[in-house]
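Protein chains: 2
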Amino acid sequence: MPDELDEIIKALAHPLRREILQWLKEPERNFPDQEHPLSIGVCAGQIDQRAGFSQSTVSAHLATLQRAGLVTSRKVGQWHFFKRNEDTIQTFLQRLQQEL
Amino acid sequence: MPDELDEIIKALAHPLRREILQWLKEPERNFPDQEHPLSIGVCAGQIDQRAGFSQSTVSAHLATLQRAGLVTSRKVGQWHFFKRNEDTIQTFLQRLQQEL
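For the protein sequence lines, the chains are H and X, in the order given.
Per my numbering: the first sequence = residues 183 to 282.
Per my numbering: the second sequence = residues 183 to 282.
Some hints here could point you the wrong way.
The list treats identical chains as one, so a pair stands whether inside a single copy or across any two.
[As the list claims (entries may be wrong)] In the SDA-like style, the derived pairs of lysine to any residue whose C-alpha atoms are separated by at most 20 Å in a straight line are:
1) 192 x 225
2) 207 x 281
3) 265 x 204
4) 257 x 203
5) 207 x 280
6) 192 x 282
7) 265 x 248
8) 192 x 262
9) 257 x 211
10) 207 x 275
11) 265 x 279
12) 207 x 282
13) 192 x 276
14) 192 x 259
15) 257 x 234
16) 257 x 187
17) 192 x 231
18) 257 x 195
19) 192 x 242
20) 192 x 281
21) 192 x 251
22) 192 x 256
23) 265 x 282
24) 257 x 272
25) 192 x 232
26) 265 x 275
27) 192 x 214
28) 192 x 257
No lab work stands behind these hints, which were simulated from the structure alone.
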């Protein structure tokens, strides 16, 4: 996955995107106010709020994470919910370990 | 090291820079034609040749790797020799594992 690897590394080259991935690791702790069940993911609006940036800024970062396969998203009604993609993250870490 | 981390990730976000790091892992195998002893590092000219790109292109990539702390360089006469910086590479991999 040379191309995928590039895309993932680029996606990680921004502190906010790495922070979002960390927040999504512990949704109960980081997004206790979400009304929808956290099992479907964390709502984009909750992530905007926690980041303290505009919806469009955070939305662009989430799209980058999703293109790289680091998060998955699910649309329910008008809302978008995000989850970490543990498979991709773990495969990436192993690949990087080998490649470096 | 949030800033160092960013700089390292950006440095790794280019396939040639990752390839150079891999080549430097096995200098004897990848640069058998170097006349200077490989113990002082691999000469920039050898890396240019193997990469098949111009001296200025490769030199810019080597500078990026060096700024990020992923390689160290030593000047002997008119030549620049490069080595992997294993400490930084291993610390980075551990940090990323924790941060992701």
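Hint-by-hint comparison with the structure:
1. 192 x 225: neither (24 Å within a copy, 29 Å between copies)
2. 207 x 281: So residue 207 and residue 281 pass the 20 Å test across copies only (10 Å; inside, 25 Å).
3. 265 x 204: within (11 Å within a copy, 33 Å between copies)
4. 257 x 203: Intra 19 Å, inter 41 Å, cutoff 20 Å: intra-copy only.
5. 207 x 280: between (24 Å within a copy, 12 Å between copies)
6. 192 x 282: both (16 Å within a copy, 14 Å between copies)
7. 265 x 248: Within. Shortest intra-copy distance 10 Å satisfies the 20 Å Cα cut-off; inter-copy 35 Å does not.
8. 192 x 262: So residue 192 and residue 262 fail the 20 Å test inside a copy (23 Å) and across (29 Å) alike.
9. 257 x 211: Classified as neither: same-chain Cα gap 23 Å, cross-chain 51 Å, threshold 20 Å.
10. 207 x 275: Answer is both; intra-copy 16 Å and inter-copy 19 Å each pass.
11. 265 x 279: Between copies only: 18 Å across chains, 24 Å inside a chain, cut-off 20 Å.
12. 207 x 282: between (26 Å within a copy, 9 Å between copies)
13. 192 x 276: both (17 Å within a copy, 19 Å between copies)
14. 192 x 259: neither (31 Å within a copy, 37 Å between copies)
15. 257 x 234: neither (22 Å within a copy, 47 Å between copies)
16. 257 x 187: neither (27 Å within a copy, 33 Å between copies)
17. 192 x 231: Cα proximity of residue 192 and residue 231: none, with 24 Å in one copy and 27 Å across.
18. 257 x 195: neither (27 Å within a copy, 31 Å between copies)
19. 192 x 242: both (14 Å within a copy, 19 Å between copies)
20. 192 x 281: Result: close both inside a copy and across copies, 16 Å intra and 16 Å inter.
21. 192 x 251: Both. Shortest intra-copy (12 Å) and inter-copy (18 Å) distances satisfy the 20 Å Cα cut-off.
22. 192 x 256: Answer is neither; intra-copy 23 Å and inter-copy 29 Å both fail.
23. 265 x 282: between (28 Å within a copy, 13 Å between copies)
24. 257 x 272: neither (25 Å within a copy, 39 Å between copies)
25. 192 x 232: neither (23 Å within a copy, 25 Å between copies)
26. 265 x 275: within (18 Å within a copy, 23 Å between copies)
27. 192 x 214: Neither, since 30 Å and 33 Å both go past 20 Å.
28. 192 x 257: neither (25 Å within a copy, 32 Å between copies)
When held up to the earlier numbered hints, the structure conflicts with 1, 8, 9, 14, 15, 16, 17, 18, 22, 24, 25, 27 and 28 and fits the remainder.
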